[in-house]
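Modelling step: build the complete structure from the supplied sequences, incorporating the hints.
Taking the working numbering, the leading residue of the first sequence gets 1, the next gets one more, and so forth.
Do not take every clue at face value.
Unchecked claim - Subject to a maximum C-alpha distance of 27 Å in a straight line, what follows is the list of computed DSSO-like cross-link-like pairs (lysine-lysine):
#1 Lys84 <-> Lys69
#2 Lys314 <-> Lys2
#3 Lys203 <-> Lys477
#4 Lys141 <-> Lys72
#5 Lys75 <-> Lys97
#6 Lys217 <-> Lys574
#7 Lys314 <-> Lys292
#8 Lys26 <-> Lys154
#9 Lys26 <-> Lys132
#10 Lys552 <-> Lys574
#11 Lys9 <-> Lys138
#12 Lys68 <-> Lys33
#13 Lys529 <-> Lys477
#14 Lys418 <-> Lys138
#15 Lys203 <-> Lys132
#16 Lys141 <-> Lys33
#17 Lys581 <-> Lys226
#18 Lys9 <-> Lys187
#19 Lys314 <-> Lys141
#20 Lys341 <-> Lys451
#21 Lys341 <-> Lys229
#22 Lys226 <-> Lys511
#23 Lys418 <-> Lys341
#24 Lys575 <-> Lys187
#25 Lys342 <-> Lys583
#26 Lys9 <-> Lys65
#27 Lys65 <-> Lys84
#28 Lys229 <-> Lys547
#29 Lys537 <-> Lys352
#30 Lys33 <-> Lys69
#31 Lys72 <-> Lys9
#32 Lys154 <-> Lys78
#33 Lys547 <-> Lys511
#34 Lys2 <-> Lys135
#35 Lys529 <-> Lys190
#36 Lys154 <-> Lys9
Said to hold, decoys possible - The following label-pair restraints were derived from C-beta to C-beta distances:
#37 Leu174 <-> Ala312: 38 to 48 Å
#38 Asp578 <-> Glu372: 54 to 64 Å
#39 Asp99 <-> Gly144: 14 to 24 Å
#40 His254 <-> Gly149: 52 to 62 Å
In case anyone wonders, no lab produced these hints; they're calculated from the structure.
Keep in mind the model is a prediction, meaning the values are calculated, not measured.
Just so you know, even glycine gets a beta-carbon here, dropped at the ideal spot from N, CA and C.
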Amino acid sequence: MKNIKEDEKLNVLNHSCAHLLAHAVKHLYPQAKFWVGPVIESGFYYDIDLGDVTLTEEDLPSIEKEMKKISKSDKLIKRIELSKQEALDMFKDDEYKVDLISRMDENDTVISAYKQDDFIDLCRGPHMNSTKAMKYFKLLKVSGAYWKGDANNKMLQRIYGICFENEEDLNECLREIEEAKERDHRKIGKDLSIFMSHDLVGKGMPMWLPNGAIVRKQLENYIYEKEQKLNYLHVYTPCVGTVDLYKTSGHWDHYKENMFPSMKVDTEEFVLRPMNCPHHMLIYGNELHSYKDLPIRIGEFAADFRYEASGAVKGLERVRCMCQNDAHLFVRPDQIGDEFKKVVELILDVYKDFGLNNYKFRLSLRDPEDKEKYFDDDEMWNNAENKLREVLNELGVEYFEAIGEAAFYGPKLDVEVKPAIGPEVTLSTCQLDFLLPRRFELTYVDSDGSKKTPVVIHRAILGTFDRFTAFILEETKGALPTWLSPVQVNIIPVNNEYHLEYCNEIFDLLKENNVRVKLDDREEKLNYKMRESVISKVPYTLILGDKERDAKTISYRLRGSNETFNLSIDEFIKKLSDEIKNKSL
RNA sequence: GCUGAAAUAGCUCAAUUGGUAGAGCAACUGAAUCGUAAUCAGUAGGUUACGGGUUCAAUUCCUGUUUUCAGCACCA
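Take a look at the structure:
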């Protein structure tokens with residue numbers, strides 16, 4: 001989809017269209033007061049206070065109609081420049097405008113407004129010259145939005161729309177919006193039986209169906225192998241901990257509102273864990289460690305529970321029960337750079353395997369002006385932040401710095417991936433933590449015999465298996481690479497009576513070679529089975545009949561293609577095994 | 001959590017202003033045995049998300065709950 005914000009001309013057009021929208025709303029709802037109407041990545045919106053009136057989608061056509069009317073009447077759009085006092089006088093009855101104006105600096109800002117016929121609105125501009133310019137637009141949705149983006153404020157009504165220079169572009173955009181729905185992992189997840197939800201289990205608690213379980217297991221195996229090679233030590237720990245555990249870690253004080261309430265059992269009080277760090281801290285503390293033993297890398301595929309806001313829950317992407325690809329790396333301060341580097345290298349390696357290239361590294365650092373907000377150890381912070389930068393530069397990774405976005409306990413690196421649809425999502429994360437090891441009084445014995453506190457690196461490469469699966473389903477439109485596909489090969493006999501025996505032979509052979517294979521031996525027509533095979537996005541569909549049986553070959557059709565290929569059995573098994581082993585995309 | 005919208009068969013959707021719920025696909029049974037995206041016929045399938053109310057009568061109107069969807073806010 002076109003990024004309207006980056007296209008100057010479309011930007012002005014869309015912003016003018018936001019004014020046209022406001023103009024029309026003012027005609028239909030004279031009590032309307034307007035906040036702001038900016039251009040966004042795809043289109044524009046306007047935040048409006050309509051008093052007691054609540055708009056629904058059904059009201060949009062009549063607003064569009066009024067917009068078209070104003071557009072056709074060809075009103076000139078004129079810029080008016082005002083002093084701050086003039087502006088305040090002009091908009092004195094509109095508390096939203098007064099709020100905007102009073103926060104402007106009159107010395108270096110010329111306050112401007114734009115007037116089109118009987119409508120005038122405060123605006124920096126620029127604008128089109130006439131309302132006639134906005135001809136190809138569409139109002140998309142209406143929703144609530146907090147004034148100034150603050151949940152403590154009143155909720156205004158926001159109308160979203162989009163405007164183009166010609167009809168083709170508009171239709172193209174509307175088509176893309178429709179297509180995006182087809183790509184939604186919730187739809188794919190249903191169509192391909194990846195996961196389900198049930199009211200009786202609860203909101204944000206998806207259940208992985210057999211097909212989804214295969215995908216997840218493959219992802220687990222994949223990252224487990226990588227981590228084994230990097231000397232990670234995997235553990236299993238319980239999904240609950242006592243309240244005291246989280247009091248020790250500090251989560252009880254700082255993260256409680258994101259946790260499920262506690263439950264009392266006998267004399268103990270438990271909570272479902274929102275993360276695994278405390279458990280892993282205890283595992284580290286179970287033994288005495290020498291400086292020679294570090295880094296120690298403790299990994300776990302661990303179910304965590306977070307009390308996400310009900311409105312935030314979404315498919316597999318945002319859930320209340322998730323499984324993290326989690327690990328905690330216990331390092332000496334002098335090892336921060338090396339270990340961090342290994343994590344970033346692993347991230348790059350994994351992204352390459354999945355063919356991801358549209359992502360951004362975001363380095364969240366401390367705000368040096370606001371040291372109160374952060375764990376107090378200047379030397380540690382400076383050393384760590386410099387090391388992180390050094391590593392990113394050394395690896396030639398593009399990144400941007402987010403000053404003031406660091407956690408209380410240390411700087412962090414997030415990777416934001418731009419999916420095929422929708423806004424950027426955070427997949428991987430890597431966070432330094434100076435605090436947690438101290439709270440758990442973790443130590444190692446240094447070369448001089450003294451006890452030192454290790455630094456902890458929290459990291460998740462695939463993030464959570466839930467979100468990663470959602471992401472990969474949308475990226476591939478459900479056509480997962482062969483190594484991840486729930487069913488890799490579907491065998492269709494041309495005729496059950498004559499070809500089933502040969503089909504079974506091939507089926508057994510593929511099974512022996514660890515291929516996830518299905519044999520469709522139903523009494524149905526070939527066309528019928530082929531259609532289902534295509535819809536279910538199986539990578540390889542084998543068609544076996546007289547020809548193949550007599551020549552001891554197989555014919556296959558590759559997903560997404562109408563062509564049929566013929567290979568000997570051995571050739572096919574080799575090709576398939578290689579593809580799976582190499583995790584080809 | 002907030003502002004709205006929605007929930008009908010396993011799935012996708014119908015049901016005129018309130019009058020006892022229909023179709024396609026899937027399932028099941030039977031016939032057809034077929035070379036690359038839907039063979040034909042029949043059968044079965046529903047306390048219309050759940051609870052309360054209005055009414056002679058509620059899928060339809062009101063109300064509470066749950067879940068889903070679109071945004072907003074949130075996102076260690």
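Verification of the supplied hints:
no.: 1; hint: Lys84 <-> Lys69; in the structure: 33 Å, violated
no.: 2; hint: Lys314 <-> Lys2; in the structure: 25 Å, holds
no.: 3; hint: Lys203 <-> Lys477; in the structure: 25 Å, holds
no.: 4; hint: Lys141 <-> Lys72; in the structure: 23 Å, holds
no.: 5; hint: Lys75 <-> Lys97; in the structure: 23 Å, holds
no.: 6; hint: Lys217 <-> Lys574; in the structure: 23 Å, holds
no.: 7; hint: Lys314 <-> Lys292; in the structure: 45 Å, violated
no.: 8; hint: Lys26 <-> Lys154; in the structure: 20 Å, holds
no.: 9; hint: Lys26 <-> Lys132; in the structure: 18 Å, holds
no.: 10; hint: Lys552 <-> Lys574; in the structure: 15 Å, holds
no.: 11; hint: Lys9 <-> Lys138; in the structure: 18 Å, holds
no.: 12; hint: Lys68 <-> Lys33; in the structure: 21 Å, holds
no.: 13; hint: Lys529 <-> Lys477; in the structure: 21 Å, holds
no.: 14; hint: Lys418 <-> Lys138; in the structure: 26 Å, holds
no.: 15; hint: Lys203 <-> Lys132; in the structure: 48 Å, violated
no.: 16; hint: Lys141 <-> Lys33; in the structure: 19 Å, holds
no.: 17; hint: Lys581 <-> Lys226; in the structure: 14 Å, holds
no.: 18; hint: Lys9 <-> Lys187; in the structure: 35 Å, violated
no.: 19; hint: Lys314 <-> Lys141; in the structure: 19 Å, holds
no.: 20; hint: Lys341 <-> Lys451; in the structure: 26 Å, holds
no.: 21; hint: Lys341 <-> Lys229; in the structure: 15 Å, holds
no.: 22; hint: Lys226 <-> Lys511; in the structure: 26 Å, holds
no.: 23; hint: Lys418 <-> Lys341; in the structure: 23 Å, holds
no.: 24; hint: Lys575 <-> Lys187; in the structure: 32 Å, violated
no.: 25; hint: Lys342 <-> Lys583; in the structure: 22 Å, holds
no.: 26; hint: Lys9 <-> Lys65; in the structure: 24 Å, holds
no.: 27; hint: Lys65 <-> Lys84; in the structure: 35 Å, violated
no.: 28; hint: Lys229 <-> Lys547; in the structure: 46 Å, violated
no.: 29; hint: Lys537 <-> Lys352; in the structure: 23 Å, holds
no.: 30; hint: Lys33 <-> Lys69; in the structure: 21 Å, holds
no.: 31; hint: Lys72 <-> Lys9; in the structure: 20 Å, holds
no.: 32; hint: Lys154 <-> Lys78; in the structure: 32 Å, violated
no.: 33; hint: Lys547 <-> Lys511; in the structure: 23 Å, holds
no.: 34; hint: Lys2 <-> Lys135; in the structure: 18 Å, holds
no.: 35; hint: Lys529 <-> Lys190; in the structure: 20 Å, holds
no.: 36; hint: Lys154 <-> Lys9; in the structure: 33 Å, violated
no.: 37; hint: Leu174 <-> Ala312: 38 to 48 Å; in the structure: 27 Å, violated
no.: 38; hint: Asp578 <-> Glu372: 54 to 64 Å; in the structure: 58 Å, holds
no.: 39; hint: Asp99 <-> Gly144: 14 to 24 Å; in the structure: 19 Å, holds
no.: 40; hint: His254 <-> Gly149: 52 to 62 Å; in the structure: 23 Å, violated
The structure shown violates the earlier hints numbered 1, 7, 15, 18, 24, 27, 28, 32, 36, 37, 40.
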